[in-house]
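There are 2 protein chains.
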Amino acid sequence: MIRTHATPHTPANEVDHPSSPVAVFGPDKPLALDCGVSLSPFQIAYQTYGTLNAAKSNAVLVCHALTGDQHVANVHPVTGKNGWWETMIGPGRPIDTERFFVICSNVIGACMGTTGPASLDPATGEPYAIRFPVVTIRDMVRAQAMLVEHLGIDTLFCVAGGSMGGMQVLQWAASYPDKVFSALPIATAAKHSAQNIAFHEVGRQAVMADPEWKAGSYLANGSRPEKGLAVARMAAHITYLSEPALHRKFGRKLQDRDAPTFSFDADFEIESYLRYQGRSFVERFDANSYLYLTRAMDYFDLAADYGGVLARAFKGTRTRFCGVSFTSDWLFTTAEMRAVVHALNAAGALVSFVEIETDKGHDAFLLDVPELIDTTRGFIDAAARARGLAAPPAE
Amino acid sequence: MIRTHATPHTPANEVDHPSSPVAVFGPDKPLALDCGVSLSPFQIAYQTYGTLNAAKSNAVLVCHALTGDQHVANVHPVTGKNGWWETMIGPGRPIDTERFFVICSNVIGACMGTTGPASLDPATGEPYAIRFPVVTIRDMVRAQAMLVEHLGIDTLFCVAGGSMGGMQVLQWAASYPDKVFSALPIATAAKHSAQNIAFHEVGRQAVMADPEWKAGSYLANGSRPEKGLAVARMAAHITYLSEPALHRKFGRKLQDRDAPTFSFDADFEIESYLRYQGRSFVERFDANSYLYLTRAMDYFDLAADYGGVLARAFKGTRTRFCGVSFTSDWLFTTAEMRAVVHALNAAGALVSFVEIETDKGHDAFLLDVPELIDTTRGFIDAAARARGLAAPPAE
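Sequence order for the protein chains is A and B. Numbers given in the working numbering equal positions in the first sequence, counted from 1, plus 784. Numbers given in the working numbering equal positions in the second sequence, counted from 1, plus 784.
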């Protein structure tokens, strides 16, 4: 049994009744998770943009990052902000919604309408909390594949995403090579590094150290570990930027004052900025989801599923790849992307690789970086020609 | 009134009755702080090694880092571990205690016997907590200068230290140029960067988010913000290492297991290691001291006191300098040390500069890095000759 329904905008409960279309997968369609659990029922909240063509050959799946969601190119129902990838997706954009049918679904384990730890467990009538099974990047991709099938699409023209989204792109290409015509992994890696695991562990410990976390059962207890989650977000946020960008944007500038206050106030602009990042994040994100999604990233090691040889993950692939990295990204470095590209070369794949010079750090994939826009446009247009998709109408 | 006394080893109260000699400065010797407060009375806990020569020309002042203390070259009274710089200081070491009289004092604001937020405020009979005035690197150096005078020493043969200790070295050379014959700043900078301020702010917010912090008054309330301080330490600890070192030491190795547990246990060795770092730190460190000392580092901007021109801080100096940086230190980079060296050059100072190739990150200054040992030995020996100090006895 599969039902699709859209609910009205209810920011208070985006978790169970999101303001996005939802695909519900009943007992006949369980999600087989890597941990051995069969999750059922479950639902996937998603957004689409543009129109699926008659041949169903123009679908682009966008995969979101750790703290992203399905609201790629529309106003966010909770924050009221623009979609997180409007530089990339929309009419006339590189992933042109007048040409392509763009899908983005909230990942399994998240909190914007797809089943996750904040969702009600039908067996108990209470949120799953940390009784929710631990999920992996492969589980996210399995769920997306079920959604894509549900939408009647056999092959995706492109799978694209940055960071955790890029991990999903690589997993898609490995798990479903015949369903991915082209793949655009950005600012990502085939495995999570020790340093990245370390930063995630700090974030998880910050959440778990908050007594309002209540061993994960905060929702049932009417509380929220907001302080712990804000600290986790602040630490993570530093890693998304680069030292040169922090220096350029903030340096040692004082916040609305001429001299230090000799106190623990936010004297420096960077302090004030980080506190704001922490505060605003907790308004839209579930703390347990943060634990689950960071864990999924930590567990990601694509080569491990192929005897430790990454090239085997892509053996025989006919997918066209374009890997993108940023010079100042110290979370997912060019060296990590180069390792992916080498494996693709070893597998005989069609692959191009672009390292973009920028001081904007890991967050560059979300920003209006002209070389990223141009690279994506070039790659998508060439792939569309190869796929026999009509060129965009002349202006 | 100045008294010097040593108390027996009492690990439970190293704060007020440390197992180190203590110099007590009474109402006639207040410490004039940058914030405008005159701190009185106050005490400084310190260790010495070796013997002061008759000319009092062989004294070396060692300045400790954020979480260091005066126990440079003896077993630590709380942890039972060896001194934190035994690679560098001791008989036959580069700073040879058979040749030099080595002094290290706990900084003002810390918690191992020098007056800080955990000390009893004589005005209230309770710990100062956050009523303690905010201190600066210059305040730390002012207090050290009072100790050095108290010990009857006019000129220091050398002032040496890494990280926050290196900031004190630079401040000593600027504030008391005639009292510093040679200076060895290691892995440090003349100002704290935006990224470093950001990481410190995360640590402070982690402490303050812990309800056991109780607006700073935890000691009077019989509690301690151990979880928050542990998170702060974990985040900071990552920044002391380098990505290559983390990769080499931990990579994605699992901790005492063959497969992931699909849980939030410490599956990875790096997680287990970080949790240990957090736990062990809180046993020996006061949370409020962590707030004060990180703040002092954030406020450090030596050039700001000299019209923004760093070279002016060293105008006319006759001190011999040796600046040391490490290739993989991303907290205090070679570029930061180079800026110090350029300023010293512009001031016409005698300065040498060594960038040491290592993957050990910021922590390299504490470790047995052969090039660091050799550099220090060479610099100290040459300075000793220039100072007319006898060569070490032949073996």
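Among the hints, a few may not be true.
What the hints assert, rightly or not - Derived DEER-like restraints, expressed as beta-carbon distance ranges:
id : chain 1 : residue 1 : chain 2 : residue 2 : range
1  : B       : T908      : A       : G909      : 31 to 41 Å
2  : B       : R1102     : A       : D1040     : 50 to 60 Å
3  : B       : D962      : A       : D1040     : 39 to 49 Å
Stated by the list, open to error - Okay, the calculated bits of chain B under chain A, using three or more residues with CB under 8 Å as the criterion:
id : stretch
4  : 1008 to 1020
5  : 1057 to 1071
Claimed, not checked - Straight-line Cα separation of at most 35 Å, DSBU-like style, residue types lysine-lysine; simulated pairs:
id : chain 1 : residue 1 : chain 2 : residue 2
6  : B       : K865      : B       : K1033
7  : B       : K865      : B       : K998
8  : A       : K1099     : B       : K1037
9  : A       : K1033     : B       : K1099
10 : A       : K998      : B       : K1037
11 : B       : K1037     : A       : K963
12 : B       : K1033     : B       : K813
13 : B       : K998      : A       : K1037
14 : A       : K963      : A       : K998
15 : B       : K865      : B       : K1037
16 : B       : K963      : A       : K998
17 : A       : K998      : B       : K1099
18 : A       : K1037     : B       : K1037
19 : A       : K840      : A       : K1037
20 : A       : K1099     : B       : K1033
21 : A       : K1037     : B       : K1099
22 : B       : K998      : A       : K1033
None of these hints come from the bench; they were simulated from the model. Bear in mind that the values here come from a model prediction, so they are computed numbers and not experimental data. Heads up, the beta-carbon is just placed ideally off N, CA and C, and yes, glycines get one too.
Hints, verified against the model:
{"no.": "1", "hint": "B:T908 to A:G909: 31 to 41 Å", "verdict": "violated, 53 Å"}
{"no.": "2", "hint": "B:R1102 to A:D1040: 50 to 60 Å", "verdict": "violated, 42 Å"}
{"no.": "3", "hint": "B:D962 to A:D1040: 39 to 49 Å", "verdict": "holds, 40 Å"}
{"no.": "4", "hint": "1008 to 1020", "verdict": "holds (count 6)"}
{"no.": "5", "hint": "1057 to 1071", "verdict": "holds (count 3)"}
{"no.": "6", "hint": "B:K865 to B:K1033", "verdict": "holds, 22 Å"}
{"no.": "7", "hint": "B:K865 to B:K998", "verdict": "holds, 31 Å"}
{"no.": "8", "hint": "A:K1099 to B:K1037", "verdict": "holds, 26 Å"}
{"no.": "9", "hint": "A:K1033 to B:K1099", "verdict": "holds, 31 Å"}
{"no.": "10", "hint": "A:K998 to B:K1037", "verdict": "holds, 30 Å"}
{"no.": "11", "hint": "B:K1037 to A:K963", "verdict": "holds, 33 Å"}
{"no.": "12", "hint": "B:K1033 to B:K813", "verdict": "violated, 49 Å"}
{"no.": "13", "hint": "B:K998 to A:K1037", "verdict": "holds, 30 Å"}
{"no.": "14", "hint": "A:K963 to A:K998", "verdict": "violated, 43 Å"}
{"no.": "15", "hint": "B:K865 to B:K1037", "verdict": "holds, 27 Å"}
{"no.": "16", "hint": "B:K963 to A:K998", "verdict": "violated, 56 Å"}
{"no.": "17", "hint": "A:K998 to B:K1099", "verdict": "violated, 58 Å"}
{"no.": "18", "hint": "A:K1037 to B:K1037", "verdict": "violated, 41 Å"}
{"no.": "19", "hint": "A:K840 to A:K1037", "verdict": "violated, 53 Å"}
{"no.": "20", "hint": "A:K1099 to B:K1033", "verdict": "holds, 31 Å"}
{"no.": "21", "hint": "A:K1037 to B:K1099", "verdict": "holds, 26 Å"}
{"no.": "22", "hint": "B:K998 to A:K1033", "verdict": "holds, 34 Å"}
Comparing the model with each numbered hint stated earlier shows that hints 1, 2, 12, 14, 16, 17, 18 and 19 do not hold.
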